[in-house]
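Asker: One letter stands for each residue in the lines below.
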Amino acid sequence: MIIPHPLLGPRDAAEFVYKGDATLIDRPDGLTASDDEMHDYAYLRDNPAGRHRELWYHEQGDRSWLVVTRDTRTHEILKVELARDVARAAGRAR
Amino acid sequence: MSQQNRIEGGQIDRSKTLKFQWNGRWMSGYPGDTLASALMANGVRLVGRSFKCHRPRGIFSAGSEEPNALVQLRNGAAQEPNTRATTVELFDGLSATSQNHRGSLDWDLMAVNDVAAPFLSAGFYYKTFMWPKAFWEKLYEPVIRASAGLGRLSMKADPDVYDHGYLHCDLLVIGAGPTGLAAALAAGRAGARVILADEDFRPGGRLNAETYAVDGSAGSHWAGMAVVELSAMENIRLLTRTTVFGAYDHGIYGAIEKRTDHLADSRGKPRQVLWRIYSKRALLAAGAIERSIAFGNNDRPGIMLAGSVRTYVNRFGATPGQRVAVFTNNEDGLRTALDLRAKGIQVTTLDARKGDRIVDTRGRKGIRQALLADGRNLAVDCIAVSGGWSPTVALTCHHRGRPMWRDDIAGFVPGGELPPGLTVAGAANGTMTLGACLRDGHAKGAALAAELGAAGSTGDGPLAEDETFDITPFWHVTEARPRAWVDLQNDVTTKDLKQSRQEGFRSVEHLKRYTTLGMATDQGKTSNVLGLAVMAELDGHPIAETGTTIFRPPYTPVAIGAFAGRARGTDFRPYRLTPSHAWALENGADFVEAGLWLRAQWFKRPGEQGWRDSVDREAAAVRRSVGVCDVTTLGKIDIQGRDAAEFLNHIYANPFLKLPVGRVRYGLMLREDGVAYDDGTTARLSEHHFVMTTTTANAGTVFRNLEFARQCLWPDLDVHLISTTDAWAQFAVAGPNSRALLQKVVDDLDLSNAAFPFMACTNCTVFDGTPARVFRISFSGELAYEVAVPARFGGSMIRGLMAAGEEFGVVPYGTEALGVLRIEKGHPAGNELNGQTTARNLGLGGMVSKTKDAIGSKLSERAGMNRDDDLCLVGFKPKDRSVLLTAGAHFLTPGDPEDMAHDQGWMTSVAYSPELGHSVGLGFLKRGDSRIGETLRAYSPVRNQDTMVEVCSAHHIDPEGARQRG
Chain A
1 MIIPHPLLGP RDAAEFVYKG DATLIDRPDG LTASDDEMHD YAYLRDNPAG RHRELWYHEQ
61 GDRSWLVVTR DTRTHEILKV ELARDVARAA GRAR
Chain B
1 MSQQNRIEGG QIDRSKTLKF QWNGRWMSGY PGDTLASALM ANGVRLVGRS FKCHRPRGIF
61 SAGSEEPNAL VQLRNGAAQE PNTRATTVEL FDGLSATSQN HRGSLDWDLM AVNDVAAPFL
121 SAGFYYKTFM WPKAFWEKLY EPVIRASAGL GRLSMKADPD VYDHGYLHCD LLVIGAGPTG
181 LAAALAAGRA GARVILADED FRPGGRLNAE TYAVDGSAGS HWAGMAVVEL SAMENIRLLT
241 RTTVFGAYDH GIYGAIEKRT DHLADSRGKP RQVLWRIYSK RALLAAGAIE RSIAFGNNDR
301 PGIMLAGSVR TYVNRFGATP GQRVAVFTNN EDGLRTALDL RAKGIQVTTL DARKGDRIVD
361 TRGRKGIRQA LLADGRNLAV DCIAVSGGWS PTVALTCHHR GRPMWRDDIA GFVPGGELPP
421 GLTVAGAANG TMTLGACLRD GHAKGAALAA ELGAAGSTGD GPLAEDETFD ITPFWHVTEA
481 RPRAWVDLQN DVTTKDLKQS RQEGFRSVEH LKRYTTLGMA TDQGKTSNVL GLAVMAELDG
541 HPIAETGTTI FRPPYTPVAI GAFAGRARGT DFRPYRLTPS HAWALENGAD FVEAGLWLRA
601 QWFKRPGEQG WRDSVDREAA AVRRSVGVCD VTTLGKIDIQ GRDAAEFLNH IYANPFLKLP
661 VGRVRYGLML REDGVAYDDG TTARLSEHHF VMTTTTANAG TVFRNLEFAR QCLWPDLDVH
721 LISTTDAWAQ FAVAGPNSRA LLQKVVDDLD LSNAAFPFMA CTNCTVFDGT PARVFRISFS
781 GELAYEVAVP ARFGGSMIRG LMAAGEEFGV VPYGTEALGV LRIEKGHPAG NELNGQTTAR
841 NLGLGGMVSK TKDAIGSKLS ERAGMNRDDD LCLVGFKPKD RSVLLTAGAH FLTPGDPEDM
901 AHDQGWMTSV AYSPELGHSV GLGFLKRGDS RIGETLRAYS PVRNQDTMVE VCSAHHIDPE
961 GARQRG
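Chains A and B, in that order, give the protein sequences. Counting along the first sequence from 1, when you hit position 67 you're at 67 in our numbering, and nothing is skipped either side. Counting along the second sequence from 1, when you hit position 690 you're at 690 in our numbering, and nothing is skipped either side.
Please keep in mind that the hints were generated in silico from the structure rather than gathered at the bench. It cannot be assumed that every hint is accurate.
Claimed, not checked - Pulled from the structure, derived: some chain B residues nowhere near chain A, Cβ distances all over 10 Å:
| hint | residue |
| --- | --- |
| 1 | 250 |
| 2 | 251 |
| 3 | 420 |
| 4 | 541 |
| 5 | 546 |
| 6 | 646 |
| 7 | 711 |
| 8 | 715 |
| 9 | 847 |
| 10 | 854 |
| 11 | 945 |
| 12 | 955 |
To be verified - To be clear about the criterion: a stretch of chain A counts as covered by chain B if any three or more of its residues have a C-beta under 8 Å from a C-beta of chain B, and this derived list gives those stretches:
| hint | stretch |
| --- | --- |
| 13 | 16-24 |
| 14 | 33-41 |
| 15 | 44-50 |
| 16 | 56-66 |
| 17 | 69-82 |
| 18 | 88-94 |
For every residue, glycine included, the Cβ atom is placed at its ideal position computed from N, Cα and C.
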């Protein structure tokens, strides 16, 4: 696969490490979250046949974490964002 | 040594003779021959035995689709089994032998299988060897193993080298037949960067095998001129002997190029190159493959595909026989009769469309007679069969393509979702006549080039006539009584198909698995469609409804060596050397792999009998005086920024916010699920500058997770990370004399306990100005320091430390002594931090802060991880002090049965302690903290050990920590 990196252009998937479901960005605050919320965050992942937002880490590159929107059936890559931008847009800060 | 079947013509070079050996007999051929054409020219008809029934078999085709002519090529370590003689380019000195027979090829002892064939029908594996059960291990399995497989491996290391390579292009054209050549010419002239790949050593495809004219000259001549033109273009790369075997994501294709297979000796050059081709567009011009017709005993040597007979006669100047019967259901088959007659060979035409039927044949080691339904018996030495042509759609299925049936050509054409960017042209797309293929190739090559922005003139497309194409599907001579083969390679007959259908295997995918139709090296290239058609006929369904199995990569077999490339032996993966590696080599070190690193395991001194002698000496020397160990391999991460402390406070389960400048703290990292995963020390060099260490094994993972936390979880913290593992050479200096040694090394730094206490750290210089960092940390439990210098000074640093320590009898120590020291001290390492244990299990539960949000702290509070009977890390010593403990042993209360219901925990790490004079262990024990002094059984049925142990503190030495603080 070739992942179009938002900063570095098309890069071979071999340069990346795959992490999975991008909902891992949505980590609840450990001091205020309920047990169930933390459990769901740590253990529950979607595994859809189709459009999936997932985390890729450009380990053999600039070390960016990316959110790649990919069709898991065709491997078509529909969108690539810097994970930091996605996290900030979701309201994460410090 | 006469080439009795050599006839005039062909694209071979008769000015030079090549000698080769077949089953020990010398024969001769010409440059341009394949092994198959040379064997044919020499009158060899029987070339192998079939897989299951050991039936005598001959050459069936002239290409990579060959099911029969599998031979063992070369000798010794270079021996290669299951090579298709039809694709082996002849070279001087080539040596090949037939395979899959016991005894000689002529008198194969295993041919008894053919007599036993009724018992070897479809699914016999699943039915036959079931009873009696006791026979399986002693009789059935050894016999099956002995007769399974085709050729034999040499069992020696492959002497050849293989390379990997990467290529980029605008347009990849797969196949250099008429369609591919026309397409490459058009796109190349327009200015596109084109790669044209073909599995053959001579581009041209069917043009080389036929007598058609293109642009007014012979097709093979036109192909040669096209190659000349393409070779002159800088934007074209022509890859011959290169099979594009797989279509992968985003325009990436896998291809295997045979670089030296056609030479007697590779002379150290790569034998094959595995190419990864990155293309913007691809054009599949892979042509079509002919198929057979099922009739009685249709597998005898001399029964061949009609188009292949033309290939041998027209391209190779070799004839498979002198009296040939052509059996065809289509117009193309009749070309064989025309071409053969033009060479003066006697031909009888049998047209299935006119009701001609072959029902049986005679001739055990070579066809002698064809028996027809109308009662005629023909004396023949070759039957050329054509059941029509199947477009080569394999690559179109590698993603989500599902071939579709086309009645007018009686074949499957590409259908469904093709790999994005792939276009199909010519016969592969069901365009079955030459003129149309050339037009299609030219038009598509031009269109793709234009799409890619190459605007040059494509010139005129080549012209040829469109021959008559007429086919009436005919698959199976139902009047035939004897077995009629569908898949020659797997010995699948029409009877097997009938039987499996009766047994309920109706889906094509089931049929394939049950009968093995279309498996093995040829993947059913000549048999799949025939098998499906017979199946459809039995079902009374149209073929379109029966459907087809799909194809997966690779298109043809690829050697595992090619996939491995250079990654074999010590180059299997990269390895890293520590800064003291050269010095360690000079000093007798044995090395061990730790992740990618090679670390010194111990340093053997003269007179030491085994590793224990060295390790005991090193560990004892550290406790007695001082030792030095290279700890560069531990992960080092530089963390800077105004929010660095806050960031670390999220990362470690224990508090880091208030760590003073100039101090080091032990930190424990948890996974988000609450399980401990890494530990190490982190030093605060200044207000906004920290240096973290991780375990050697987790250095990469920890860094990755820190970046995740930094970018995804707390994106606005002002913190920056860089891995400095390779930037600093770091040495542990441990033992009572470590202070005295190091004081000699540092410039203007007071190492006294008051000035530089336990867990202090600082930037400094050593040896008159070399920048350095000193940390007072201890893994061994002794007074100890770690000193780091920029990696380029690592080699001189080890020599400097050893020289400075000479007066104290300093020793270098390796990872084994390091292990002994930490087990004596009770520090957890990889065996304890095994991804299943919690801070509480490790006796570090109190460290986990409940007043901050750190990764994993929330879930570490779960009830299930805080049970009263949970495991605790404690120490063990043998009751009989002379016994050596065994890691992995399980603890049992004496008198309890040896089962998991009574399991009390397990031993994680053991070592012989030279300090204590006996073996010591660490392990997890249920409620271990309250069981100090108890006697238990340490039981290891795997290692055959059963010994009594005493539970003690994990800190076998200096439990109060006085030494490290002294």
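Asker: Are the hints correct? Go through all of them and say.
Answerer: Here is how each hint holds up against the structure:
no.: 1; hint: 250; result: violated (4 Å)
no.: 2; hint: 251; result: violated (8 Å)
no.: 3; hint: 420; result: violated (7 Å)
no.: 4; hint: 541; result: holds (29 Å)
no.: 5; hint: 546; result: holds (25 Å)
no.: 6; hint: 646; result: violated (8 Å)
no.: 7; hint: 711; result: violated (4 Å)
no.: 8; hint: 715; result: violated (5 Å)
no.: 9; hint: 847; result: holds (16 Å)
no.: 10; hint: 854; result: violated (7 Å)
no.: 11; hint: 945; result: holds (38 Å)
no.: 12; hint: 955; result: holds (32 Å)
no.: 13; hint: 16-24; result: holds (count 3)
no.: 14; hint: 33-41; result: holds (count 5)
no.: 15; hint: 44-50; result: violated (count 0)
no.: 16; hint: 56-66; result: holds (count 5)
no.: 17; hint: 69-82; result: holds (count 6)
no.: 18; hint: 88-94; result: holds (count 4)
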